[in-house]
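Asker: Top line first, the protein sequences correspond to chains P and D.
Note that the numbering used here has the first sequence beginning at 1, numbered continuously upward.
Note that the numbering used here has the second sequence beginning at 1001, numbered continuously upward.
None of the hints are false.
Straight-line distance between alpha carbons at most 20 Å, and here's what the computed SDA-like set of lysine to any residue pairs gives:
| # | chain 1 | residue 1 | chain 2 | residue 2 |
| --- | --- | --- | --- | --- |
| 1 | D | Lys-1641 | D | Thr-1571 |
| 2 | D | Lys-1249 | P | Cys-9 |
| 3 | D | Lys-1252 | P | Asp-48 |
It is worth saying that the hints were derived from the structure and are not from the lab.
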Amino acid sequence: MKTAADLKCGDKVTINGVNIEHPSAKRILEVGFTPGQEIELVNKSVFDDPIAISVRGTVIALRKSDADCIIIS
Amino acid sequence: MTPKPFADNLFITLVGPPNSGKTTLFNYFSGKNYKTVNYPGATVDSAIANLQKKFNINASLMDSPGIVSLYPETADEVIAVNHLYKHPKLGKPDLVIVTVDSSQLSRHLYLAKQIIDSNFNVIIALTMVDILEQKGFEVDEEKLSELIDCKVFKVDGRSGKGTDNLLSFINANKNGFKKKPLQNNNSANNNTDDVLLLYKEIELIEDNCLIEIENNKNINLKKANKQLNLITNKIAKKKCNQIDARTVKIDKVLLHSTWGLVFFFLIMSFTFTSIFWFAQPIMNFVSYIFQSLSDEFLTLAGNNLFGMFLANGIVNGVGSVAIFIPQILILFLILGLLEDSGYLARGAMLIDKPLSKIGLNGKSFVPMLSGFACAIPAMMAARTIPNRRERLLTIFILPLLSCSARLPVYTLLLAFLFPGDKAWIAGIVLAAIYLFSIISSVLVAAIINKLNNKVINAEDNSSFILELPAYRKPEIKVVAINMWHSGKLYLQKAGPIILVLSIFIWFFTSFPNFDPEINTDNIKQEQIHELKDSERLATSYAADFGKIIQPLMTPLGLDWRVGVALISAFTAREVFVSSMALIFKVTDSNGSLMESMLGAMKNSKIGNSEQKLFTPSSIIGIIIFFMFALQCLSTIAISRKETGSWRIPLLQLIIFSGLAYFLSFVAVNGLRFFGLS
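The following block holds chain D by itself, in its conformation from the complex (with noise of 0.2 Å):
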């Protein structure tokens, strides 16, 4: 969705280095007028949004992936630069602003004048003048401005102060910006050389813009720069290249070699924690809604055909979906504020040692982080990682990770294993798996990077570099917001295919005989309900296709039923649990969802023996194949479009079912021989 083009209509787009402030600016300028959004911990791509109302202009603006120079290295740096210079749907961007951190000036000042140099229309934002300020400086702006051609502002993204100037002088300007055709850059013709003689010229560019603040009341600023000889201006430039102290102390501590390594377990086991104990009071609500809701549709339209439509087929497919939404958003808002509060960076370092040993590389971290919200935006984030070969198998291993689409399907079969007051020990169960899931892609990626080229085939230069930021207190509004965005713009994408996947289920699961026969003396009404749903079912459409797939769901122990909602659930995980409440739900009932759809599973026995299909070796037989199967096709996708070809999805697709049959056919059978049932 791009906004629609007004004859006035400016294009601006954001550029900057990474940590410069840009998104926050960003945020600021768009308000809540979001197109596209970047996940937590993972901008990679860019995001459009439209100018607030309230500045008067009409603009779309596009925030981009933080790059250090023109000349990108890694594949998100490509998109950066390549959207700077057209955007697929933009094209050419009338401004660009570039946010430049006023605390480490030189080194952003590289960007723009980069940008500068290739004919843009620039406007420079200062960021950060308070920490410039607290170190006892401050930029000359009208001085800077004039060395380095372009208007320059300083702002505070945080509390809008400045962006008003910013904001007048776009506005006094927007027909004055027209497009001068570019300078292409090509990599081939930028060398180091290049690289030394352009800080050279930012060097001096600094020395001239950068003033001491002599004391806090009377500064006379043209006085202070004259008096400024060579040598205090070494002294001086000394003092403002401090970094911030605070940060070096709890860096010393969160680095440290053992305490380093206790708060980052710390910190991952609150956050893996977290998503199940806050999300649970939430589910547990959601969860009850949605049945009320179903119940409602019953009553309101009866048990026909449109109204068990409408509570099976509708209200329960995507309820038994949606319960899981907040345990996405409470990923995304810890991820948010991991990022937003500096440590991110950290986790990346400190894991960057282990990780490369299998191939991997400290970059890997967050890409892996991101895979237990959802392998799409993970896979996403693993553009940041410059190495080719490991770039390509963080990607491998990332469906390995458990995404949060199988929550929902671990938190029914978990409480079918724990009912009620051993409810606790499902909990910890979880929390094994997930430890699980780490310790199995750790253990693929190592195999995999042992049989060096078969299966990935791309070398080149191994390095990790990646700035430290400086740790501040997050900021919980922009964090929240983000957080809401991203939620929103994962349901717009699943939400659709879990309905129509919901209603064709229900469709498969209810026809050709919607209105079966069956003999009515002598019982109740509701048995009536139960003995037509249940045959409705046996003479569907779906059981006939269930009775092919029977012969691959025999060794699991398992029957055709579960075999059409694994099949169902190839097209995204979570969609498991709807076919299951759509299967196996008796439609009326009291309780939650949830409750109802326990005790169906509980009565239900194979064809027509009196063998149970739901026991503890076929539900962990079931979680085992969750943990390995590659059922999501929005993953086959995007590790499709993140790799260039078909060889890793189809790889990926082959090597973790045929682990995951195989595996969980040893587990059910392993465990019935030594007696489980």
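For reference, chain P alone in the conformation it holds in the complex (with noise of 0.2 Å):
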């Protein structure tokens, strides 16, 4: 199963669903991470880590352990 966090600079998917058993899954819901968005790994930190995702027409920096409750494939 593909996560967002498995995303190189540039790519752009759909999300496909939300794990919703991780403990950040409602607040990743709620900043606008929901099945059907477009989304793009726009840059990374400095250490890879977290990572800045666009969505909804704004850019969300969050840990990878963090996006790793996106699905995308």
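Mind assembling these two chains? They're in different frames, but the hints should get you there.
Answerer: Here it is, written out as structure tokens:
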């Protein structure tokens, strides 16, 4: 199962689902990462983590461990 | 302080997601009528102001921390939501203005819809309309108003454009805002399915009110809307969700694996050096002013009880602290600029990985940065950290960061160590002290993190989710006004304590033997004053107390006089300088307040011996003491408040002050062992 944490810079994908067992799932959904949304990994931080993903017209920085609950395929 | 309620006084609350232009709108509406204010970089509490008189509406306005939804996850969000439902003093709002960034409509309407569904009287203020227009879109506000069931106005908080419509609507309806019973929200009832359902609803609304501007000249909105079929609608949506291309480009550099770090260190070094360099000339000026004032009072009132009370007790006591206000203001200014430009969020992101290794969070960055101004706003800023354990650990180490109250102490002591032409070394040593305060706080965090749950017992999910707002040119005017108010508020809090303590210390160092009898044969008038001063102090209450603490001071190479200053500094660190000014200052001399203090320090000896009190090693000892000791009543109080118990503040007090004494002892005796006096 591929998640947003596996994305490379410039990858554009559509969210397939969100793992609601993940402790950050609710906040991830609330900030706009809902199934069907197109997201793009626009930047990575100095240490490759956290990553910056664009969604719904803005950019959200999140740790890979948080991005892990965004399922993309 | 809350505004007086009028018969027709409205209570309006401003709510909105982070970066939605809420505070800009708040500043526009309230002008300078601040009642409470948030420190730069840390909108973590609600702020109250009166609506400006020129708007002709009697209203109290509340600004609150940004929230993503009505179901809070962090301490600042809890405050925002609680104060929205019921402000502790002003109660339920008559009206809620929700700011919605129109360039990210669906994300921001999410919160607006939740608030409308909870039965509040809501007006939506659509912000950043120009950004959406640049993308080729605009919002049909009438359609949106109809679909979401509340009034919608396009506004620009920077220029005030569009706010007149909003205000005249409020004015026309000010008697018609009836308080309906509110829908209580319970987190347990809100699950991920509800989030998805609400977003579905919002997306439908968005599809129907977002319209593409066909061309700039001739816009036929209704027609354009009808012509959009499903496919073009999808393409259109992609286009309107585009992010600011310039921001992405800048981030490619500022988040780059090497350049990102280089710029991070450059920006941080600039911040700290400018505190020192820019403030220095202003500080010299303030120092000079207070010395002149003090001299003036002595000349006017004469060398009697009243004159000395004014000159020493009040002017010098307060003045020695007022000197460092420029530094606080400059730090607030830079923090405000960094926040307004959008860099603070990047800084937090950059440093998240290393900080998470030692049990902290990227969101500890802003609190730690504020910690260089003052631990009080810093501990409050830690509210944004969702994980309780990380939040407590952040609060725990904050007193180690070199706050601005320590600056006057260091400035005085370093000026003593490196006088005149060696002053540039003082700048470097000060930078080293700052750097060391970062290192020591990181080390302490790492150790406590290793000790695991013995010190901080809390555990939950660690996460880092933070919006990176588009870069923009900071608004100097807004930042400067905020800096001014933060500085004023800071003074109002610290000022009375300093004034009271100055009077207190003046009393204890001047009585009971205010007019001591001395042998005045064959000595000049000036020497009589000096002799009287030292005799008065030697027989004072402070001296009696000092003799009790002398055994504690001797191992540090100090005497009871420094001991009294150190103890008084436990109320607030900067009091050390005013106490020193009162204890050591010889009243009449030329030059600035600082110069005459340094001169007096140079001449002081331990007891009746010929051994100098202030030597390089004893000064270094005092500096080290100040680097670690938790000497601030307000910090202890706020630590108690923010952590919810006495456990952490008491641990901080004991561990840090114990460490301070121990390290200072080791340093002084080590240096003396190796031959430094």
